[in-house]
Every structure is written in C-alpha cells, then in structure tokens.
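Those protein sequence lines, which keep their order, are chains A and B.
Quick note on numbering: our numbering labels position 250 of the first sequence as 250, and the sequence is numbered without any gaps.
Quick note on numbering: our numbering labels position 31 of the second sequence as 31, and the sequence is numbered without any gaps.
Don't read these hints as lab results, they were simulated from the structure.
Just so you know, these numbers come straight off a predicted model, no measurement behind them.
Beta carbons: idealized from backbone N, C-alpha and C, even for Gly.
Hints may contain errors.
Unchecked claim - Coverage of chain A stretches by chain B, computed from C-beta distances (three or more under 8 Å per stretch; other residues unrestricted):
#1 15-25
#2 51-62
#3 100-107
#4 151-158
Claimed, not checked - Below, a sample of chain A positions facing chain B; criterion: calculated Cβ distance under 10 Å:
#5 Gly30
#6 Phe76
#7 Pro78
#8 Pro89
#9 Leu164
#10 Ser184
#11 Gly185
#12 Pro337
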Amino acid sequence: MQLGESMPLAGVPVVIKDNIWVDGWRVTQGSRLFADFVAPCDAIAVERLKKAGAIVVGMGATSEFACKGVTTSLLFGPTRHPLNPELTPGGSSGGPATAVAADLVPLAIGTDAGGSSRRPPAHVGVVGFKPSYGAIPYGPGFAEPFFDISVIAPIARNVADAVLAFEVMAGPDARDSDSVLVESGDVALPDMRVAFSPKLGLDTPVDPVISERLEAIVEHLAKSGLRSVRRDPVWPPGATEEALMPLQHGGLAELYGAAFQKDLEQFDPDIARQIERGLSLRGVDVAAALAASSAIRTAFAAFFCEVDLLLAPTVPCVAWPLAQLGPAMIGGKQVSPRAHAAFTPFVNQARLPAISIPCGRDASDLPFGIQIIARRGRDRMLLHAAVRIEDEIRALPH
Amino acid sequence: MNVHEIAAAVSSRRASAVEIVRATLDRMAAAKALNAVVTVDAERSLPEAAVVACSSVKACLLPASPL
C-alpha cells in the first residue's frame with residue numbers, strides 16, 4: 001500500500017475459497033493430499049484484494065478439487081445450508097456462499113468452472129458473479145483439472161458489492177497469458193436486446209415455483225421498460241453436460257491419477273470415481289468432449305450476435321438433503337444427480353460472463369436465483385443491467 | 001454492513017478495521033457448525049487489519065500522487 005492510493009475495500013473482511021492461494025495460509029482444495037500445503041504467494045486476485053484494503057479472515061470450504069456439486073470433503077466434512085442445516089448449499093463454492101449468506105462476511109471469493117459460484121449463491125440467497133474467462137487473472141495457484149474455463153468469482157449480498165470486488169480484481173497481468181481487458185459498460189438499458197429462455201434450450205425439468213417466478217419477473221421487467229423476447233439458444237446435437245465430463249475426469253486423472261493408484265483412500269469416493277473414469281478414457285473420448293465444448297461456444301456466439309442479455313434460471317430446484325449429490329426429483333420427474341446443475345456449465349465452456357441474483361423463495365422459504373448471461377468481454381454491461389434488474393426484482397412482491 | 005458500508009466507515013474512521021475483523025472472527029466462531037469456513041488464522045488477519053486501519057487513514061489524508 002502506497003500513501004495516497006485509494007482503498008476501495010478498506011477493512012472489508014473476505015473469505016477466500018480453499019483452492020485459491022493466499023500467501024502463508026494453508027490451502028487444501030478440500031483434499032487430504034494437500035492437508036499441509038501452505039501457499040507460497042498470493043493469487044493475483046488476492047494480491048489485488050489486499051492492496052485495496054480487504055482482510056482475508058478465512059478459507060471457505062470447497063468440495064475436493066472443486067469437482068462436485070455439493071460441498072463436502074474427507075478433510076473437513078459437509079458444509080451446511082445456512083437456513084436449514086439438514087440441507088446442502090450445493091457446491092463447489094458452498095463455503096464462500098454460506099459465509100456470505102450467514103452474514104459471517106460481506107464478501108467471499110469463489111471459483112467457477114461449471115457453475116460453482118452461481119448455483120450455491122442461488123441456493124442460499126446471495127449474488128454470485130462469474131466473469132468472462134480471463135477478465136480476472138487466474139493464479140498463481142494449483143493446476144486445474146479443467147481446461148481453460150475456471151474463473152475467480154466474487155460472491156456478495158448485492159450486485160453493487162460484487163461489482164466493486166470485480167473492479168478491484170479485474171484487468172490483465174503478465175503472469176496470466178489468458179488475462180484480458182474487458183469492455184466498458186456504456187450501453188443504455190433500453191437499447192439492449194434481451195432474451196428470456198425458461199430452460200436454456202435444454203430438455204430438463206424445472207420446479208414450477210421457479211418457472212412461475214421467472215415468468216412473473218420477466219413480465220414485471222417488461223412493464224418497467226426492459227422488454228425481452230422468448231428465445232432459446234440452439235444447441236448442436238449431442239451437446240450435453242455428460243458429453244463434456246471427459247474433460248473434467250481426464251483432467252483429474254492427469255493431475256491425480258498416480259496418487260489415486262498409490263492410495264485411493266486419500267480421495268472422496270465421488271472424486272475417486274471421476275478419476276477412475278478419467279484413467280479409462282481414450283484420446284478420442286477427450287477429443288469428442290473438446291469438440292462438444294467448441295460447438296457449444298459457437299452456438300452461444302451465434303446467439304449473442306442477435307441478443308445482448310440472456311435471462312434464464314440459475315438452478316431448476318431449491319437446496320436438497322445434505323447426503324445426496326442432487327435432488328431425486330425436479331419438476332415432478334425423477335432426475336440424475338447432475339440435473340440440478342443443468343443451466344450453468346455451458347456458460348463456462350463458452351467463457352461468458354454470467355451473474356446469479358436471488359429472485360424468489362419456495363414454500364419452505366428456500367431461495368433460488370435468476371441468471372443473466374452476456375457475450376464474452378461484456379462484463380460491465382452485464383453488471384450495469386444486473387443492478388437495475390436486482391432493483392426491479394426487489395420491488396416485485398413474492 | 002455490506003462491502004460499500006464497511007469500506008466507507010473504515011476510510012472515514014467511523015469504524016476500525018481491527019474491530020470489524022475481530023467481530024467477524026467472533027461470528028465465524030459462533031457459526032462453526034455450518035462448516036463454511038475451514039481455516040481461520042486470527043494471528044494473520046488482525047495484524048493485517050491494523051495495517052489497513054493505519055494505511056486507510058493516511059490514504060484519506062494525502063492526495064494521490066500524480067506519478
């Protein structure tokens with residue numbers, strides 16, 4: 001800190017997800033393999049937060065290697081939902097999201113490679129912002145089991161706080177060759193072309209309480225001058241989350257396959273299964289997943305040639321029991337354990353910015369969120385619109 | 001308090017960064033059963049808060065360098 005420098009986060013306590021390096025702190029990735037690892041330096045994002053006056057007060061729980069949609073690990077056990085301890089906040093940034101929702105800190109920093117910092121915030125009723133890939137420099141830190149999609153993501157109680165944290169952390173750094181400048185946000189809201197996609201163009205169930213609330217929000221936004229058209233992205237055949245999973249499984253196997261073969265007891269059984277699958281993959285399987293990722297990116301690019309903002313659910317369901325990987329039923333239909341995550345991973349594959357804002361609660365008072373997505377690099381335009389949409393949602397009765 | 005409110009309060013010396021961090025550590029200890037925060041290190045956080053408290057006051061009192 002130099003004299004005369006501004007400190008936009010002066011004295012702000014912040015929790016950092018336990019997979020981001022903080023100089024001198026134990027950082028474990030929720031893994032027994034890293035139980036005693038002490039970070040040798042700050043990640044660039046953390047360095048910038050500290051320079052702006054933020055104080056790191058703790059490391060937020062993550063699932064092992066941030067590779068699971070609930071937050072539990074052999075090292076620390078399960079993280080509990082702040083509104084009901086029998087439920088999970090989801091994952092993998094369940095610790096940071098819960099820390100903000102439980103009013104422990106006003107700001108937490110997560111990571112997001114498939115929705116990890118949008119779904120948990122949606123489940124606990126706070127804001128989670130996934131910036132464009134490269135908008136916030138990544139690392140120095142752990143090698144990632146994902147291929148160039150994971151981002152640093154602020155989690156806060158409101159959009160304005162997430163914006164402030166983003167502006168502190170954003171901007172290129174020579175240590176991250178993928179880090180880039182993002183565009184300015186000066187697009188007038190009435191000029192924006194907004195689309196609403198109730199299921200993001202996917203054949204997947206959504207709980208009626210969420211569908212109905214999103215419809216009401218879209219109608220309310222139209223009355224207040226932010227009109228949208230109903231429009232789905234058009235996905236190429238075979239573009240499913242399942243088709244992408246060889247990337248994560250192969251990545252995990254490449255990083256931890258040898259340790260797994262030496263002592264599988266060190267791993268969360270759910271992560272062990274992913275590594276096992278990764279070890280059995282053929283080159284052609286990984287190539288097919290890369291092709292699917294590329295096709296998703298192309299489909300989103302075409303969509304955002306004609307649209308500025310896309311509104312969609314963040315999650316198709318509310319939080320579920322702690323011991324399950326996902327809810328057994330969504331929208332009255334039996335679903336696979338990953339069905340709860342349907343609406344977030346494609347955004348990562350396309351490297352787009354997206355924010356989740358709390359938008360309603362079910363009959364049990366459990367929160368859910370609306371996701372706003374934009375073209376890569378238009379983070380500031382997205383955030384500008386999100387501030388307005390957040391205000392409108394707050395004005396709308398439940 | 002939210003992020004903006006804390007930063008404004010600390011910068012204007014209406015609140016102390018050390019007290020804010022101390023209160024945060026107390027809240028985290030009381031909410032341990034949630035298992036949201038898995039590592040806490042007060043011996044690192046409190047001295048950093050003290051440095052920020054000092055720097056933020058100086059930052060407010062001195063204009064930004066033109067260089």
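Results for each hint:
1. For the segment 15-25 of chain A, the stated coverage by chain B is satisfied: 4 residues place a CB nearer than 8 Å to a CB of that chain, which reaches the threshold of 3.
2. By the rule of at least three residues with a Cβ nearer than 8 Å to a Cβ of chain B, the coverage given for the segment 51-62 of chain A holds, with 8 such residues.
3. Coverage of the segment 100-107 of chain A by chain B holds in this model, with 6 residues showing a Cβ closer than 8 Å to a Cβ of that chain against a need of three.
4. For the segment 151-158 of chain A, the assignment as covered by chain B holds, since 3 residues bring a beta-carbon within under 8 Å of that chain's beta-carbons and 3 suffice.
5. Taking 10 Å as the C-beta cut-off, the interface hint given for Gly30 of chain A holds, the closest approach to chain B being about 8 Å.
6. At its closest, the beta carbon of Phe76 of chain A sits 5 Å from a beta carbon of chain B; the interface hint therefore holds under the 10 Å criterion.
7. A distance limit of 10 Å between C-beta atoms decides the matter here; for Pro78 of chain A the minimum to chain B is near 6 Å, and the interface restraint holds.
8. Restraint check, Pro89 of chain A versus chain B: the minimum CB separation of about 8 Å is within 10 Å; hint holds.
9. The interface hint given for Leu164 of chain A is met, as the beta carbon of that residue sits about 6 Å from the closest beta carbon of chain B, less than 10 Å.
10. Checking Ser184 of chain A against chain B: minimum C-beta separation of about 21 Å lies over 10 Å; hint violated.
11. Residue-level restraint check for Gly185 of chain A is violated (minimum Cβ-Cβ distance to chain B is 18 Å; threshold 10 Å).
12. Checking Pro337 of chain A against chain B by beta carbon gives a least distance of about 21 Å; that is not within 10 Å, so the hint is violated.
Going down the numbered hints, you'll see the structure goes against 10, 11, 12, while the others check out.
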